[in-house]
Amino acid sequence: MFEAVLTEGKTFKHIIEAIKDLVGDCNLDCSEEEISIQSMDSAHVSLVAVRLGSEAFSTYRCDRPNSLGISTSNMDKILKMLGDKDSITFKAEDDKPDILTMLFESENDNGAIADFDLKLMDIERDQLGIPDTPYKCTIQMPSSEFQRIARDLQVLGDTCTISCGKEGVRFSVSGAIGNGNILIRANTAEKDEESVVINMNEPVELNFALRYLNFFTKATKLSNTVVISMSPDVPIVVEYPIQDYGHTKFYLAPKIEED
Amino acid sequence: MFEAVLTEGKTFKHIIEAIKDLVGDCNLDCSEEEISIQSMDSAHVSLVAVRLGSEAFSTYRCDRPNSLGISTSNMDKILKMLGDKDSITFKAEDDKPDILTMLFESENDNGAIADFDLKLMDIERDQLGIPDTPYKCTIQMPSSEFQRIARDLQVLGDTCTISCGKEGVRFSVSGAIGNGNILIRANTAEKDEESVVINMNEPVELNFALRYLNFFTKATKLSNTVVISMSPDVPIVVEYPIQDYGHTKFYLAPKIEED
Amino acid sequence: MFEAVLTEGKTFKHIIEAIKDLVGDCNLDCSEEEISIQSMDSAHVSLVAVRLGSEAFSTYRCDRPNSLGISTSNMDKILKMLGDKDSITFKAEDDKPDILTMLFESENDNGAIADFDLKLMDIERDQLGIPDTPYKCTIQMPSSEFQRIARDLQVLGDTCTISCGKEGVRFSVSGAIGNGNILIRANTAEKDEESVVINMNEPVELNFALRYLNFFTKATKLSNTVVISMSPDVPIVVEYPIQDYGHTKFYLAPKIEED
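Residue numbers (UniProt numbering), protein chains in the order written: chain C, 1 to 259; chain B, 1 to 259; chain A, 1 to 259.
Hints may be right or wrong, so weigh each one.
Unchecked claim - Calculated lysine to any residue pairs in the SDA-like style (CA-CA distance at most 20 Å, straight line): (1) A:K20 - C:A176; (2) B:K119 - A:Q154; (3) C:K20 - B:A176; (4) B:K80 - A:A176; (5) B:K91 - A:M200.
As the list claims (entries may be wrong) - Covered stretches of chain C, as calculated for chain B (at least 3 residues, CB under 8 Å): (6) 71-79; (7) 116-125.
Bear in mind the hints are in silico, worked out from the structure with no lab data behind them. Even for Gly, the Cβ is constructed at its ideal location relative to N, Cα and C.
Using the sequences and the hints given, assemble the complete structure.
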């Protein structure tokens, strides 16, 4: 038996919206401590890792670890019906192993109640160890700003060079019509979430496929800030923290430039 | 000679928007009492009935009953040019039997004046008697809520079961990805138009093509409330009242389930 | 060396948006007095003339007349990245003749700085003499109203008759579904930009391709008012003034009706 109530249901909606274009079918892993998702994208280029701690839920009961195989696009279709202020109650019963029941209720007593049975699938798991290494550079910036940069630079080319140095963080793209650079400098805004905080132990410069950075920014609704971590020769981490009880992280290996 | 001035011209605009996807060509029937439209949809599955009483108009003169055959899509193109606060003056002169003239004027004296001559057609009429029977269940609910339900449930399947019982009204759909139910309960909101009022003599459960329910909800702009009437084995009526001087009604026969 | 700073960068963005659908590649002609563009559209039917006087810029330095050949669609792609309150610094250096550098800076010191190098092309110039003749009729009206009329009347046909007479200015279109007239009368609104001012020496009636009038209205964002000038048998001028330091003008020859 698994049962959990997420008062702010739209958090889960935004998670599925954030990953559905990258990840088709995946396991929703439920344990005593958390719900998590870990999956390579369908092209096996990037990795998605989602975590919602049990403290995110007003009710949480998970008798035994359980993997619920979902189609993210079907889940997304059902979540489209979630009202902005609705809670979600998740229920997976032991005697119905191929069904995940979701109840959408508005806080308003007189509102509509909706319940959905989503068919589950068996999905082979390829659990991946993600080393928790320290990074040479960490950049915290407004998520909407990162989204804008990734979207804008697409018109110039396919590959974005991200270089973190003394001046700040520079996003550069070069292509047929010309080239462009956008420089973000550390700064302290009145609101923490509008600040840019750069922690740099040593300068790092890496190249990434803009297409994937743009996939990641589908998570912008999840968080006002994004945290970008880089070290030479290892995958970049683009993290959208979900308040203090979870996150959606994307990992992407740098492109190796041939000279 | 037919001449009528509709101060709130956008009411007529919304009527045409509501029916144009269902009904291609139809007669605008003008009599001393009212303007009305009655037509099957092009697939002959549902029936549309519109009525605007003469009291809806600030000026109304109809010397003799007259049928003006219009293309709803051409009419819609012209009405796209109507300003939000414009009045419409309709004029059909006896010596120009194939022209309907419409004048759009804003209340503002300095505004633009637009006049249009729409070409009319001869349309064979198949006047249909609609029996005015009492219904076992009548549900009044916010039209936007009904629109949301019909739209949302589409992703799950093609057929919607509407069952009116003690608990309330349940909209259910079942399909390949799972199934869903949305329950609406009677409730009294501060504003009448936000209330849900259910009159039930006996429980009724019928199946309908969601595609058509979604066609009907194009009338949502016409009215804050929708009134749904059901009896076993007879067509459902989905009515959008137009203040106290008219309505747009849609009739749709239930689907017969084969076991 | 050419260097110029446009504090309100979006003015230039709006100019390029206004002409890019008409003009593919064109020269940005820089002189001591102004930046200007003059080009026929790709079908050689209409003419575009843009002028931004040096007084439009907070810094302006042009050592020698210079023609910068740009692709308007590439320029537009880069300008999409301009923030609403960003300034643009243009730089063309003599030793890099095939590059136009643009710097986008927000007034906010902490904001992002973006710089772009746009590749330039050699474009053959066909400088056209535009006679500065007096016109029989001049109409000043809100640009948004002109945009609405040109857009709305498209559904009725391809050719718009514009006739300026005692009553006002009449825009007429006739086609398969019927015909329509929109009449604009002179009037004095509280705000100058909402007024309609008609100067008529003698009545003029000319026919124009609506398709082109609709191209011209892409300049609506540039100015609250549009000034339309007409004389018999000569091209109409549709001018969008840019404050008091420039303009975007479109010229279009009237259609000759065959009887």
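Against the structure, the hints come out as follows:
1. Taken as a hint, the K20 of chain A and A176 of chain C pair is honoured in the structure, with Cα atoms around 19 Å apart against an allowance of 20 Å.
2. Of the supplied pair hints, the one linking K119 of chain B and Q154 of chain A holds, its CA atoms being roughly 17 Å apart against a limit of 20 Å.
3. For the hint linking K20 of chain C to A176 of chain B, the alpha-carbon distance of about 19 Å falls within 20 Å, and the restraint holds.
4. At roughly 17 Å between alpha-carbon atoms, K80 of chain B and A176 of chain A fall within 20 Å of each other, so this suggested pair holds.
5. In summary, the hint linking K91 of chain B to M200 of chain A is not supported, as the alpha carbons are separated by about 33 Å, beyond the 20 Å threshold.
6. With 4 residues having a beta carbon nearer than 8 Å to a beta carbon of chain B, the region 71-79 of chain C meets the requirement of three or more and the stated coverage holds.
7. Against chain B, the region 116-125 of chain C contributes 4 residues with a C-beta closer than 8 Å to a partner C-beta. That satisfies the three-residue criterion, and the hint holds.
Going through the hint list in order, the structure does not satisfy hint 5, though it satisfies all others.
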